[in-house]
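Residue numbers (my numbering), protein chains in the order written: chain A, 1 to 314; chain B, 1 to 432; chain C, 1 to 176.
Check before you lean on any hint, since a few could be wrong.
To be verified - Here are some chain A residues pointing at chain B (derived, C-beta under 8 Å):
1. 85
2. 86
3. 108
4. 112
5. 113
6. 116
7. 130
8. 131
9. 132
10. 174
11. 177
12. 201
13. 270
14. 295
To be verified - Here are the in silico distance ranges between beta carbons for each label pair:
15. B:234 with A:202: 50 to 58 Å
16. C:143 with A:88: 50 to 58 Å
17. A:12 with C:125: 44 to 52 Å
18. C:87 with A:219: 39 to 47 Å
19. C:26 with A:53: 51 to 59 Å
20. A:88 with B:3: 51 to 59 Å
Calculated directly from the structure, the hints in this document are not laboratory data. Everything numeric in this text was worked out from a predicted model, so none of it was measured. Glycine included, each C-beta is placed from N, C-alpha and C at the ideal position.
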Amino acid sequence: MKHLLSTRDLSRDQAIAILDLAEDMAAAQTREVKKLPALRGKTVVNLFFEDSTRTKISFEAAAKRLSADVISFAAKGSSVSKGESLKDTAQTLAAIGADGVVIRHGSSGAPRTLATSGWIDAGIVNAGDGTHEHPTQGLLDAYTMRKRIHGDASRGRALDGVRVAIVGDILHSRVARSNVWLLETLGAEVTLVAPGTLLPVGIDTWPVTTLFDLDEAIAARPDVLMMLRIQSERMNAAFFPNAREYSRQWGLDDERLARLPEGSLVMHPGPMNRGLEISSAAADSARSTVIEQVANGVSIRMAVLFMLLTGGTE
Amino acid sequence: MTAFQITGAVLPDGTSTDLFVQDGVFVDVAPTGATRIDAAGLQALPGLVDLHTHLREPGFEQSETVLTGTRAAAAGGFTAVFAMANTMPVSDTAGVVEQVKALGDLHNYATVRPIGAVTVGLEGQRLSEIGAMAQSRAQVRVFSDDGKCVSDALLMRRALEYVKTFGGVIAQHSQEPRLTEGAQMNEGVLSGELGLAGWPAVAEEAIIARDVLLAQHVGARLHVCHVSTAGSVDVIRWAKARGIDVTAEVTPHHLLLTEQLVAGYDARFKVNPPLRRDEDVHALRAGLADGTIDIVATDHAPHPAESKECAWDEASFGMVGLESALNVVIASVVESGQLDYADVARVLSTAPARIGLLDGYAEPFAVGAPAHLTLVDTAARSIFGTEHLHGKSTNSPYLGRELPGRVVTTVHGGTATVLDGVLVDAAEVARG
Amino acid sequence: MTARPVLQQADITRALTRIAHEILESSRGSGDLVLLGIPTRGVVLAERITRTLNEIEPGSAAWGALDVTMYRDDLSRNPTRTPSPTSIPAGGIDGRTVVLVDDVLYSGRTIRAALDAINDIGRPRVVRLAALVDRGHRELPIRADFVGKNLPSSKDERIFVRLAEVDGGEDEVAIA
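Just chain A, with the same shape it has in the complex (with noise of 0.2 Å):
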């Protein structure tokens, strides 16, 4: 596997084998020495055009601990935010020599100009591309679920069967879609619930149920509740009249959670808006899995790297 550019790409062994080789990444966390040398010698790149504190953080940790050089690049204050072209900075890092490029760009499908385009050799993980994907995410939050599900049983299972609620800004939301289609390769059922104004046109031809009613969603008994960021930054305000309506019909407060069954787990991919899309005492309550994520987030990313930037010619 040369890129991770979506969770699209992926066929359901390819997804279990980077969940399992996230468990083997996951117990050398546990040692003292929590490094491999699996990467030595190699040059990972962070291209981050967007600002992000966790991902970046995330990435970083990953590599390091396979023994990678990296090296991190935000967008502000650099050349890109003078004008140089996604081009010159991608044959600017081929030039230094990198192996492989974590690149999160505003613009949906930019990892994938960079992977096809020839200015540039190295593995390409996507990051987080405008509205269209974020393939670690989706992988760390399937994993996070098959692991809190079936426990020491998890490698080599998927979530055939496991029923997911997906509630938010499905709209823009890269989170969901990368989700959406790796929950269907490992054989969850998805439901998704949103005001339709947060809904894609044509989202009956995706392999989900859909709801406008988060009670309903609940009432269903859902596994998992997964709740999504309300990101101002990407909408005018007619999406929905204004905050308070939205927490009200689609925020995950108190009352819901006591609804929720009780084995159902709470996710949120983070940053939290907490008492608007979550509250605090869903965010903290056991059920959530919210830090869970970020370990997790670690152990897959090192395993994408490894499958990425081992691997050579046969």
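Start from chain A and add chains B and C according to the hints.
Here is chains B and C on its own, set in the frame of chain A:
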């Protein structure tokens, strides 16, 4: 060279004949000292007329100039182009349109008819000096804010009423701006999957519906640029059935390409209006065949490499199309049997000339008429490459694709601009 | 190309029993033995030897698996490998006698990787190496402390090890 003897050409109606050109017009006897052109097996067409081209000069000469754009036109078999007004400065005064026409006359590869902007600076606020442009040396008859839509209903009404005064026509780029803010590709299942903001069909159809009703109400003529959806074809068909004076154009790319090409995020396929679905392509072909759509116009839109070699969102909208227009028309509607070459002559020459009020194309090949013609090897097939592009820009969606047809000869007002498939040298063409 | 058997099931059992006695003898009853098998067949051998050790001297040994994929020196040269699980018995390896167990000792690179892996897990008192077959052609200065059979071979030949738990049927070592 002003005298030609063209033997064995097949006319649009299928009959074979010899054609004779002398002193810029068709004559009925072989002139002495004529250059002989053997046209056996070649399809003769009247010189093609493009009602929708972007020559980019003045202001964007890095993408194209009047010289390079008209050379590209000649290579595609065109002898006349209507140059859109989104130049810099905008073509909203007599001065700019006269300059553009003068450049076209100077180079002589094709007749350049400048299009005047409907509103000052294309800003959609105030009418431009339509009268001045109509009466200038450029004799502007077609007015368009193309690139942008005249979206204000009142302003569109005024424009339709005012242009009647000068015998002109408004050519509308139909795009409701509020429904298409930040739009990148056709809105549908694919745009939702790719994470690209959608350009819904209704944003085009709603404007066309409004405009045909306005045209009916004020008794004015309307021309609809680059129709791209099945729904738009339905609205225009309905309007014509009611006797509304509306004409419409379709681009070659909308007759052949669909939104599936966007899936790889290759910005060569980014265009406005966007590539749409299979159903739209089929409706457009049927509309062209039954006359609902009157003409084919290229919307030739050159852009420099750096504005296409980047992330999709950042890329410019547009494709070059003068050199490939005839090839794509053959590949889409001629090979499907929907149009024959008499229809091709109509949709690519006589009808656009009529809509744009351009003289000299009403009676192709008639003795005494200006000698505008092109000879095409319709059986040839080749892989379209950058060697087929003669403008300054290479943003063509057909690179690497096999296309039928090859322009062998183009004659503009008795001057050969293309001979043996090769552009004639500028100095010679300028001399006439 | 037919493989010629060099060890049958009975030979292998005797060799493993002898190795177990040699391990006990050299460790002088330290009672802190940890046998780490290198996947896949080394793990089977480690388990068998441990069982024998505990039959002779109960409680003297524990076994586990040590995957060395991450420490290989040829990761960029070959297609991506899938690691197997590593499991270290309770009590870890710090201060204990670790015996690495593998089926075939050849270039020595796998053992070099195993030593690096051990280094990141803990600090044993001493590390030894037991191999069912030593076929020579070392590329690094590594030697086995306990060997089932020395099997000189040429580089064109291949050694095939069959163990019941992994391959089914009877145990066998063959060369072709």
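Structure-based check of all given hints:
no., hint, in the structure
1, 85, "holds, 6 Å"
2, 86, "holds, 6 Å"
3, 108, "holds, 4 Å"
4, 112, "holds, 5 Å"
5, 113, "holds, 5 Å"
6, 116, "holds, 7 Å"
7, 130, "holds, 5 Å"
8, 131, "holds, 4 Å"
9, 132, "holds, 3 Å"
10, 174, "holds, 6 Å"
11, 177, "holds, 7 Å"
12, 201, "holds, 6 Å"
13, 270, "violated, 20 Å"
14, 295, "violated, 28 Å"
15, B:234 with A:202: 50 to 58 Å, "violated, 21 Å"
16, C:143 with A:88: 50 to 58 Å, "holds, 55 Å"
17, A:12 with C:125: 44 to 52 Å, "holds, 46 Å"
18, C:87 with A:219: 39 to 47 Å, "holds, 43 Å"
19, C:26 with A:53: 51 to 59 Å, "holds, 55 Å"
20, A:88 with B:3: 51 to 59 Å, "holds, 54 Å"
Going down the numbered hints, you'll see the structure goes against 13, 14, 15, while the others check out.
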